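If you're matching them up, the sequences are chains A and B in order.
Counting from 1, position 78 in the first sequence corresponds to residue 78 in our numbering; the numbering is continuous, with no gaps.
In our numbering, each residue's number is its place in the second sequence (first place is 1) plus 1000.
Because the hints were derived from the structure by calculation, they are not lab data.
Treat the numbers as computed from the prediction; the structure is a model and nothing was measured.
Watch out, some of these pointers could steer you wrong.
Rough simulated footprint, nothing fancy, chain A against chain B, three-plus residues with beta-carbon under 8 angstroms [as the list claims (entries may be wrong)]:
| # | segment |
| --- | --- |
| 1 | 1081 to 1090 |
| 2 | 1108 to 1120 |
| 3 | 1127 to 1133 |
Which residues of chain A face chain B? A few of them, derived with a C-beta cut under 7 angstroms, are [what the hints assert, rightly or not]:
| # | residue |
| --- | --- |
| 4 | LEU15 |
| 5 | LEU31 |
| 6 | LEU45 |
Where is the CB? At the ideal position from N, CA and C, for every residue including glycine.
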Amino acid sequence: MAAILALALTYSGILGRLYGDFLNDVPQNPLRALRALGASEFKILAYGRIPMAMPDMLSYTFYRLEFGVRSAAILSFVGIQDPGYQIQLAMDDLFY
Amino acid sequence: MACSNWKGWSVRASSRSRSLEGRGLLTLLLAAALGLSLLSVDWTGGLLHSRGVSSAVRIFGSIFTPELSPKFLGLALEATWKTLTFAVTGVTLAVGIGLPLGIAASGVLFREGWLRTSTAAAARFVLAFLRSTNWFGHSCLLWHLGCRRWPRFSHWL
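Pulled out of the complex, with its shape left as it was, chain A reads as follows (with noise of 0.2 angstroms):
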């Protein structure tokens, strides 16, 4: 559970920032159509910015998720029974 939880604080941090970005730099000319037909900025928000975003948003969380991999992959130091966790013992073993 601590490990899930220290990846998922870390990860939390990088993803929030990049994907804000993500749904500033979004093409304002629908979000301007949008808003002349009366919506709110939270339908803007739900029907023109995170479906304009989605590819970049979905395409950085696959990115991400590759180094969550790695970084539980090292956590096996940490007790949690993963490849790491058999390399360590083979290695204590002398077993390479």
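Please build the complex by placing chain B on the supplied structure of chain A, with the hints as guidance.
Structure of chain B alone, referenced to chain A:
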């Protein structure tokens, strides 16, 4: 940009050469720093531990004779699955925490005014705090806060 007279060419050429001189000077400074650091190393003895050579040879030799027994492969597969589970769970939780904070930090929920600025600033502060510490630092912090389910880590402290 078209140049109407040769004086314009000479001005552009001199400014280009000045920038190149700046880069050349920086390269020289970096090379000098590298050279000084290399000269400060004691190359005469004790750089490589002699007893580690045989272990290193055994480790690199074992690359050509991997363990392929069904029992070991099953163990490796199970461990890999656990790693993937931890990673996917962690990143899923990170998306659940990061997405609302990211939306708040972008300030897109409010049009203008102090509410937009203050919400964005507060969310950015939280995100910067979360980003500031490496995941290992977060894990140590959580350990000290009571999440003590690391049997192999406990003997380090």
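Hint by hint, here is what the structure shows:
no. : hint         : result
1   : 1081 to 1090 : holds (count 8)
2   : 1108 to 1120 : holds (count 4)
3   : 1127 to 1133 : holds (count 7)
4   : LEU15        : holds, 4 angstroms
5   : LEU31        : violated, 9 angstroms
6   : LEU45        : holds, 5 angstroms
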